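Peer 1: Build out the structure end to end from the sequences listed, making use of the hints.
Using numbering that gives the first Met the number 0, you'd call the opening residue of the sequence shown number 0 and step up by one each time.
What the hints contain is simulated information worked out from the structure, not anything from laboratory work.
None of these values were measured; they are calculated from a predicted model.
Using N, Cα and C, we set each Cβ at its ideal position, and we do this for glycine too.
Among the hints, a few may not be true.
[What the hints assert, rightly or not] Derived DEER-like restraints, expressed as beta-carbon distance ranges:
| # | residue 1 | residue 2 | range |
| --- | --- | --- | --- |
| 1 | P92 | N113 | 18 to 26 Å |
| 2 | N113 | D77 | 22 to 30 Å |
| 3 | G47 | L23 | 15 to 23 Å |
| 4 | I62 | N121 | 28 to 36 Å |
| 5 | G94 | P50 | 32 to 40 Å |
| 6 | N121 | E6 | 20 to 28 Å |
| 7 | G94 | D11 | 35 to 43 Å |
| 8 | R52 | V95 | 26 to 34 Å |
| 9 | S128 | P51 | 40 to 48 Å |
| 10 | P51 | N121 | 35 to 43 Å |
| 11 | G25 | R52 | 15 to 23 Å |
| 12 | S128 | L45 | 21 to 29 Å |
| 13 | D124 | N14 | 23 to 31 Å |
| 14 | R69 | S119 | 14 to 22 Å |
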Amino acid sequence: MLEMQIETVARDPFNNHVVILRELDGNRVLPIWIGTAEALAIALELRGEKPPRPLTHDLMRNILDELGVRVVRVVIHDLVDRTYYAYITLETPFGVREIDSRPSDALALALRTNAPVYISGNVIDSLISITSEEDDDWERFQRLIDELEEET
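Peer 2: Below, the structure is given as structure tokens:
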């Protein structure tokens, strides 16, 4: 497994939302296209903004806290037909459980619970290498992220 961090949420040139994961100890990134509600939930948490009422992922965190359940980690583990698959590992009073999840929901919950995010399996093959800040790929990637963030 490879640990990732949530870098940003932005919009692509077609106005679709994309979350960018960055390799924790490296220069590779993974873009995952997500829905509007999940993009908002992730973006608000990344910015440290709290809505006046709990969003769905805030509610989920609150329920887990009240039940004494801890989010251990999130793993994006598979890519099939351009669809990513994830699971959330929970430590419960009844033992450890793995719950199937969309990556966007898992990432929104990971942010709210400070749980680490990992990728594994064929998802690692989807990483985009950004070798150094002097590299043309790095500059193109930074420009893309800047443009996407401006549109968000």
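Peer 1: Work down the list of hints and note, for each, if the structure agrees.
Peer 2: We went through each hint and held it up to the structure:
no., hint, in the structure
1, P92 - N113: 18 to 26 Å, "20 Å, holds"
2, N113 - D77: 22 to 30 Å, "24 Å, holds"
3, G47 - L23: 15 to 23 Å, "20 Å, holds"
4, I62 - N121: 28 to 36 Å, "32 Å, holds"
5, G94 - P50: 32 to 40 Å, "33 Å, holds"
6, N121 - E6: 20 to 28 Å, "21 Å, holds"
7, G94 - D11: 35 to 43 Å, "41 Å, holds"
8, R52 - V95: 26 to 34 Å, "32 Å, holds"
9, S128 - P51: 40 to 48 Å, "42 Å, holds"
10, P51 - N121: 35 to 43 Å, "41 Å, holds"
11, G25 - R52: 15 to 23 Å, "38 Å, violated"
12, S128 - L45: 21 to 29 Å, "24 Å, holds"
13, D124 - N14: 23 to 31 Å, "28 Å, holds"
14, R69 - S119: 14 to 22 Å, "21 Å, holds"
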